[in-house]
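Kindly generate the complete structure, drawing on both the sequences and the hints.
There are 2 protein chains.
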Amino acid sequence: MEIVRPTLLLDKEICMRNIERMAQKAEAKKLQFRPHFKTHQSAQVGEWFREFGVKSITVSSVQMAQYFAKYNWKDITIAFPVNIHEINDINSLASKIKLNLLVENKETLTQLSKFIKAPVGIFIEIDTGHNRTGVLPGKTNLIDTLLEIIRANKRLDFKGFLTHAGHTYQANSRHEIFNFHFDALLKMRSLKNRYKKDWPDLIVSMGDTPSASICENFEGVDEIRPGNFIFYDLMQLKLGSCRFEDIAIRMVCPIVAKNTSRNEIIVYGGAVHISKDFIINTAGKKMYAQIVVKSTGDEILLSEKSYLSDMSQEHGILKITYKDFHLFNVGDFVDIIPVHSCLTANLMGSYLTNEGEVITTSRNETI
Amino acid sequence: MEIVRPTLLLDKEICMRNIERMAQKAEAKKLQFRPHFKTHQSAQVGEWFREFGVKSITVSSVQMAQYFAKYNWKDITIAFPVNIHEINDINSLASKIKLNLLVENKETLTQLSKFIKAPVGIFIEIDTGHNRTGVLPGKTNLIDTLLEIIRANKRLDFKGFLTHAGHTYQANSRHEIFNFHFDALLKMRSLKNRYKKDWPDLIVSMGDTPSASICENFEGVDEIRPGNFIFYDLMQLKLGSCRFEDIAIRMVCPIVAKNTSRNEIIVYGGAVHISKDFIINTAGKKMYAQIVVKSTGDEILLSEKSYLSDMSQEHGILKITYKDFHLFNVGDFVDIIPVHSCLTANLMGSYLTNEGEVITTSRNETI
Numbered sequence: 001m002e003i004v005r006p007t008l009l010l011d012k013e014i015c016m017r018n019i020e021r022m023a024q025k026a027e028a029k030k031l032q033f034r035p036h037f038k039t040h041q042s043a044q045v046g047e048w049f050r051e052f053g054v055k056s057i058t059v060s061s062v063q064m065a066q067y068f069a070k071y072n073w074k075d076i077t078i079a080f081p082v083n084i085h086e087i088n089d090i091n092s093l094a095s096k097i098k099l100n101l102l103v104e105n106k107e108t109l110t111q112l113s114k115f116i117k118a119p120v121g122i123f124i125e126i127d128t129g130h131n132r133t134g135v136l137p138g139k140t141n142l143i144d145t146l147l148e149i150i151r152a153n154k155r156l157d158f159k160g161f162l163t164h165a166g167h168t169y170q171a172n173s174r175h176e177i178f179n180f181h182f183d184a185l186l187k188m189r190s191l192k193n194r195y196k197k198d199w200p201d202l203i204v205s206m207g208d209t210p211s212a213s214i215c216e217n218f219e220g221v222d223e224i225r226p227g228n229f230i231f232y233d234l235m236q237l238k239l240g241s242c243r244f245e246d247i248a249i250r251m252v253c254p255i256v257a258k259n260t261s262r263n264e265i266i267v268y269g270g271a272v273h274i275s276k277d278f279i280i281n282t283a284g285k286k287m288y289a290q291i292v293v294k295s296t297g298d299e300i301l302l303s304e305k306s307y308l309s310d311m312s313q314e315h316g317i318l319k320i321t322y323k324d325f326h327l328f329n330v331g332d333f334v335d336i337i338p339v340h341s342c343l344t345a346n347l348m349g350s351y352l353t354n355e356g357e358v359i360t361t362s363r364n365e366t367i
Numbered sequence: 001m002e003i004v005r006p007t008l009l010l011d012k013e014i015c016m017r018n019i020e021r022m023a024q025k026a027e028a029k030k031l032q033f034r035p036h037f038k039t040h041q042s043a044q045v046g047e048w049f050r051e052f053g054v055k056s057i058t059v060s061s062v063q064m065a066q067y068f069a070k071y072n073w074k075d076i077t078i079a080f081p082v083n084i085h086e087i088n089d090i091n092s093l094a095s096k097i098k099l100n101l102l103v104e105n106k107e108t109l110t111q112l113s114k115f116i117k118a119p120v121g122i123f124i125e126i127d128t129g130h131n132r133t134g135v136l137p138g139k140t141n142l143i144d145t146l147l148e149i150i151r152a153n154k155r156l157d158f159k160g161f162l163t164h165a166g167h168t169y170q171a172n173s174r175h176e177i178f179n180f181h182f183d184a185l186l187k188m189r190s191l192k193n194r195y196k197k198d199w200p201d202l203i204v205s206m207g208d209t210p211s212a213s214i215c216e217n218f219e220g221v222d223e224i225r226p227g228n229f230i231f232y233d234l235m236q237l238k239l240g241s242c243r244f245e246d247i248a249i250r251m252v253c254p255i256v257a258k259n260t261s262r263n264e265i266i267v268y269g270g271a272v273h274i275s276k277d278f279i280i281n282t283a284g285k286k287m288y289a290q291i292v293v294k295s296t297g298d299e300i301l302l303s304e305k306s307y308l309s310d311m312s313q314e315h316g317i318l319k320i321t322y323k324d325f326h327l328f329n330v331g332d333f334v335d336i337i338p339v340h341s342c343l344t345a346n347l348m349g350s351y352l353t354n355e356g357e358v359i360t361t362s363r364n365e366t367i
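The listed protein sequences derive, respectively, from chains A and B. Last residue of the first sequence: number 367 in this note's numbering, and the count goes up by one each step with no gaps. Last residue of the second sequence: number 367 in this note's numbering, and the count goes up by one each step with no gaps.
Hint data in this document are derived by calculation from the structure and do not stem from the laboratory. All figures in this text were calculated on a predicted structure; none of them were measured in a lab. Where a beta carbon is used, it is the ideal one built from N, C-alpha and C, also for glycine. Any given hint could turn out to be false.
Over 10 Å on every C-beta distance to chain B, these chain A residues come out as not near it, computed from the model [to be verified]: (1) Pro81; (2) Asn153; (3) Arg155; (4) Asn217; (5) Glu314; (6) Leu352.
Simulated DEER-style distance windows between Cβ atoms [said to hold, decoys possible]: (7) A:Asn72 with B:Thr282: 47 to 57 Å; (8) A:Thr321 with B:Lys139: 45 to 55 Å; (9) B:Ile300 with A:His175: 41 to 51 Å; (10) A:His175 with B:Asn131: 34 to 44 Å; (11) B:Thr140 with A:Lys286: 29 to 39 Å; (12) B:Glu107 with A:Thr321: 13 to 23 Å; (13) B:Asp183 with A:Lys286: 25 to 35 Å; (14) B:Glu2 with A:Glu47: 32 to 42 Å; (15) B:Val293 with A:Thr360: 23 to 33 Å; (16) B:Glu107 with A:Val358: 27 to 37 Å; (17) B:Lys294 with A:Thr360: 35 to 45 Å.
Okay, derived cross-link-like pairs now, DSSO-like style, lysine-lysine, Cα gap no bigger than 27 Å in a straight line [claimed, not checked]: (18) B:Lys238 with A:Lys238; (19) B:Lys305 with A:Lys319; (20) B:Lys285 with A:Lys285; (21) A:Lys323 with B:Lys139; (22) A:Lys286 with B:Lys238; (23) B:Lys286 with A:Lys285; (24) B:Lys139 with B:Lys238; (25) A:Lys305 with B:Lys286; (26) B:Lys238 with B:Lys12; (27) B:Lys305 with A:Lys286; (28) B:Lys96 with B:Lys74.
This is how it looks when you write it as structure tokens:
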């Protein structure tokens, strides 16, 4: 396929290497590997995981579970607090596959217990510091209440405690990732110890991409659910979760204008392609992406002084250093690494692999 | 249709009123009305414009032009600098409809002149202060060069000068919008005066939503191209381009969790639904959306102290004042007005109208 407009390139080899590394790590540490498929949202990319023995997956919505169930995934955790309004779709899924759900409050669990029609696994979500959703580990009264409701309904099978230590994404150093992870680990382990007498089969499920990528201590953890690691991105590179050569995706954008007085190039590639997630660069400016160039045969990431500084719906504005400005001309293509690959993949809805294959995602499909 | 998950509601009546108001304004000021369809991206919504005599439209990409051409729009301006790599699609479109293109540099225009196979209208894009793309009005040497290339090719028909005064979106007051608009107007008018001797039919095309909504002076302007005005949004409300009752869209999101210690409610509705465009609220915080509630029968916008403060892929976190916290409970739905309706519409890909009709966009279609 000839590239004529903003295109999301996917390096399958790098993906396979990233999956293999994580699968091996899980195996070495005796962890169930339940990768999160919200990053790629693609049945075809999903197939790549099967080579490494993956049979159970994580998704972030009921619709995503429906999509992957259609592609023969039989063991799915929806790692998002149950939205009771979707009970019909939940019941329909639960009658077909092994479905695990997440609860974190009494109101929803009570409703779920009332309306559930098929067996489902239930994880209680624990907030280990991310401050998004989940029960605080100290609130054992609430946990006890939830467990009572679960125990009273034979269709509800308590699986264990699940956390997403997403605050690692805001870490300022690798060291901080280790700290956040260890802190979360202690909290989860203490819950496991407290409840394992009554629930001997309960598991602990953790594993955001930063900690799953760099941490080594998973004592007491039974399952990991990283997702972003298959692609990685600029945010992960900055965090130190991956190396440049582990990043499997990039956007290729045509240069449509060049502004010499502002040292800017303008590409076809904007907020509807890349997404408006940014990080703050060393100069204190919003940075939406960084640029890849060839240098003496090798690919390198240009310094942060050249970066995607702004976007409209279809335009991207790249600030370029004076030194490198001559490298970019109208009609050329520029390769950029976005800050957050999950959101870029969600917007683009398809990939072009380095083998020339076009791969689609759930966006292109009515379930 | 029963609402069970994040849904984009569209009030057709408000849309019709917004279109009518703008169409009447254009007529009163003898302006060609060429609305921008990038906001709604929907063939069905496009049909609503026909009732007001609209026959010519603006889009922001070649693919969007292909989509609307399929739905019988015969006069389309692609208001994005030509990306020469799309020349095959451009030629194919130009052979079927009246197509206008935008150029702002010699490199692209030279290539376009070489490869164009059917007649197209050409606008020269002028940068009147937005600092994105376009020729600065003072660079008449460059304009002369571009006009020479256009004149030399009978397939290229010079239409005139086009600008997007998008810096009005960054205005701090209505007064500043008036200033930006008037400044842009003067620049465009002076170009018109300079070139009308040689090109008596040239037109001036302007009209971002803020200035098209509130400014009255369009002397010397021939065409306006606002897009966002059909829906408006929180950004336009803040700018003073519209009133609350002119906003035609809102997201409806299920509440899945409630955190009493942080005064937060967590909704199903995140970055893949709403988009990460934000404005800074009065407290200096990022605000991605504001909340609509019913109060003694009427709908009102809650103060900025209650707002969408953060999002992950599927989660939205709403900070709520202590006073209003009791209004929101797990299992309820919350209505929110997003900052930027174009990006939300692009992500959602469909609308539910207040008449219960589901309307789709180009996202759901392969062209």
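_Run through the hints listed earlier and report the numbers of any the structure violates, in increasing order._
The structure breaks hints 1, 5, 8, 15, 18, 19 and 24; every other hint is satisfied.
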